[in-house]
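Novice: If you want the building blocks of each chain, they are given just below.
2 protein chains.
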Amino acid sequence: MALVKPSVPKGTRDFSPAEMVKRNYIFDTIKSVFRKYGYQQIETPTMENSSTLMGKYGEEGDKLIFRILNSGDYLAKVTPEQLAARNSQLTAQISEKALRYDLTVPFARYVVQHQNEITFPFKRFQVQPVWRADRPQKGRYREFYQCDADVVGSDSLLNEAEFILIYDEALSRLGLQDFTIKINNRKILSGIAEIIGKPELIVDMTVAIDKLDKIGLDGVVAELLTKGFTQADIDQLEPVILLQGSNVEKLDQLKAILASSATGLKGIEELETIFTYLQSFTLQKATVELDITLARGLNYYTGAIFEVKTNEALMGSIGGGGRYDDLTGMFGLKGLTGAGISFGADRIYDVLEELKLFPAASNQTTQVLISTFDKEGEVFALPLLQQLRNANINVELYPAGAKIKKQFDYANNKNIPYVVVIGSDEVQSGQLTFKNMQTGDQQKLSQTDIVNLLSNQ
Amino acid sequence: MALVKPSVPKGTRDFSPAEMVKRNYIFDTIKSVFRKYGYQQIETPTMENSSTLMGKYGEEGDKLIFRILNSGDYLAKVTPEQLAARNSQLTAQISEKALRYDLTVPFARYVVQHQNEITFPFKRFQVQPVWRADRPQKGRYREFYQCDADVVGSDSLLNEAEFILIYDEALSRLGLQDFTIKINNRKILSGIAEIIGKPELIVDMTVAIDKLDKIGLDGVVAELLTKGFTQADIDQLEPVILLQGSNVEKLDQLKAILASSATGLKGIEELETIFTYLQSFTLQKATVELDITLARGLNYYTGAIFEVKTNEALMGSIGGGGRYDDLTGMFGLKGLTGAGISFGADRIYDVLEELKLFPAASNQTTQVLISTFDKEGEVFALPLLQQLRNANINVELYPAGAKIKKQFDYANNKNIPYVVVIGSDEVQSGQLTFKNMQTGDQQKLSQTDIVNLLSNQ
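These protein sequence lines are chains A and B, in that order.
Residue 416 in the working numbering is what sits at position 416 of the first sequence, and the numbering runs on without skipping anything.
Residue 99 in the working numbering is what sits at position 99 of the second sequence, and the numbering runs on without skipping anything.
Okay, chain A solo, but in the shape it has when bound (with noise of 0.2 Å):
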């Protein structure tokens, strides 16, 4: 019988060691830098209830929720006439779980159900993966991790100022050298759909300046005016999109242009705090930028706006997130504030791919590996791999001895720097022959030369 090669779904991955070195690398250098902030980790469930995820993510999010088909005979409780009806109700009758979509919706699940057990402001992060059932494409996967932090039931800017903070450490600790976050408010952006006079368009506004950097202004306008702004507001409109100058001069700027919206000069406000915050504390790598064309999940976010791009790269945003005022109002707790980022650890992967950021040694690895060829050799090496690990070598012994090429072969493709190689004249002399296998240096050593060595490393 010939049998199909196995593979993974569509839009699913499996990674390899040397991936996972990598994306732990990633993924500890974030969860450590939020750790350091006074966030604390939490997971949640990869199912939950349906009725906990559906109509949370508008219609077409609800299309790509994966669902779980029931357990034991899912069909028993359904009558001919609902199973011909081939309908939603029988959908939500034969699956009553779902995988997760985001980390939002769970977290806010999480944050209503053990509200009596959590201490307020509540600073969590998770790092899990979601589940989206999009057409798969580049860069785009059916099973992807995120990696979010949030604050929930503190209105102070001071974490809005340490968002940026993280973002900072964070990344130039994985070794970007450049990047930007853009920040913007998105009562600034109702400030100026307000004195327009078209508060009402305000989506339909910020989705058109939003596309500056791609479409120009020409495009912009053009988009404006098919969506029922006048060309009397275009001309309002203009130098607000083409604020130039540093964060305070366009802060300085907007103030006089936003002076009778009551919403706008709470936003600049906002954004002012935040800068002040930041005067306290050195940035290592970022530059912050008010960028008032930002507007990010803007139905959800009513107070600051992040996006994180490197300009090093040619690559979408790497990392964003923002203000909100009603999170687990869905879930029936009114009135708790929070703020939230998140960052694009796919992205962020293959940034350091291409700017060869990832470290050449890691401590996930094996770090040299004991050749033997014989019986012999093999138990005079045993006491040897026995002192390595007691000072906490990651070591391997090739386990019955292969000739030495493929041994040598089994070094490189693990990335291990040290080989270690016994034959019966290392028996005999007690100086064993070590090899740096990225040099292809080799020297000979006895047994204590190896361990203090390896020690110091």
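Honestly, I wouldn't trust all of these hints.
Any copy, or any two copies together, can satisfy a pair, since identical chains are not distinguished.
[Unchecked claim] Pairs of lysine-lysine, DSSO-like flavour, derived with a Cα cap of 27 Å: (1) LYS403 <-> LYS211; (2) LYS56 <-> LYS10; (3) LYS309 <-> LYS356; (4) LYS5 <-> LYS63; (5) LYS182 <-> LYS266; (6) LYS10 <-> LYS63; (7) LYS31 <-> LYS77; (8) LYS63 <-> LYS77; (9) LYS10 <-> LYS77; (10) LYS334 <-> LYS403; (11) LYS10 <-> LYS266; (12) LYS255 <-> LYS198; (13) LYS250 <-> LYS182.
Just so you know, the hints here were simulated from the structure itself, not pulled from any lab data.
Given chain A, put chain B in place with the hints provided.
Specialist: Chain B alone, transformed into the frame defined by chain A:
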């Protein structure tokens, strides 16, 4: 509208920050030991094609696999007749993917799929959740993490010896003082069935003697009699079941008993080799015990069998594994021998909790909270916040000054060991109140003193 309080599906769990710290402690410890012995991490997708999983776990297992409803219009290609049939073909038609049921079958699929990229022997570990539609009960969940290490492509018994070292090192590091790694060999069990003259009854035999601890010798004998063994068979079997003495003494007695069984003698030789390897190493806390009644997963293992029990708490096995000869055969790659072990993370968690072995301190939590009460205190605190973070200390500033009791409660609930209090006195004098939350002691210290004190913790 009254909202139903949200909940998680039965058999699944949220993990709180405090639980995550403990779970990470267990997983990080085990992972670092796996790495120390040359095992490399992989991850496989949560969803596998149903064809990869179905038929691999027996009829009962198949029923426990969670299946995923095809996305989009999953009934579009189903005819009315197919729908009305309500049979397993319908299920296969509407759900082409399923959730991972264990880590072993996905690993086998991985090895076969990536065989041309893998350097053998391939030592991999994997720590990921699995899903089973079991009836939930105390200690049994529908979503739980497995924690496996396997090597394929090496028949060296050094691998088995190293699995014992891995158990010893990981569990000793976790603080266990007294645990037993039981070992047996499938070939010895075959040899016993052979010399009794009932090789075809090996499964019934081992299932019965496996219960010796629970039902005693009389119970085992009664069960054997119902399964087709004669009193004469049992007279032969009894001394084997009741073997006493050290591992060497047991092996010596077995050598005499199994003298006429080539398979049995091979099993003894394998165990002797493993014990010989172990003589070159110093075990930390583990006792290794040859247990002839150990029969774990008999249809699967072909050589050594392991099981780990703690002697400090009443608890089922906290680990197990063995050698298998044809893991990848199910996907068409024959002749690849392997061996593997697994840690029972949930049970280890319960044992550490019961024995109070979780460390009090963790670098995963906030080290110090800065308490302020007004804008003046906050402004004064910001440079300290930056200094502490520069020294890589996990620190939080309680946002938007609340009452001191609330801030202390926050520190206590998050298990934060130190609080720096900055009131107006402190701002004036520059001497800050530094409070140890465990002892209640407090002293006045300068910013520099505080940074130095916490840096040297």
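Novice: Which earlier hints can't be squared with this structure?
Specialist: 1, 7, 11
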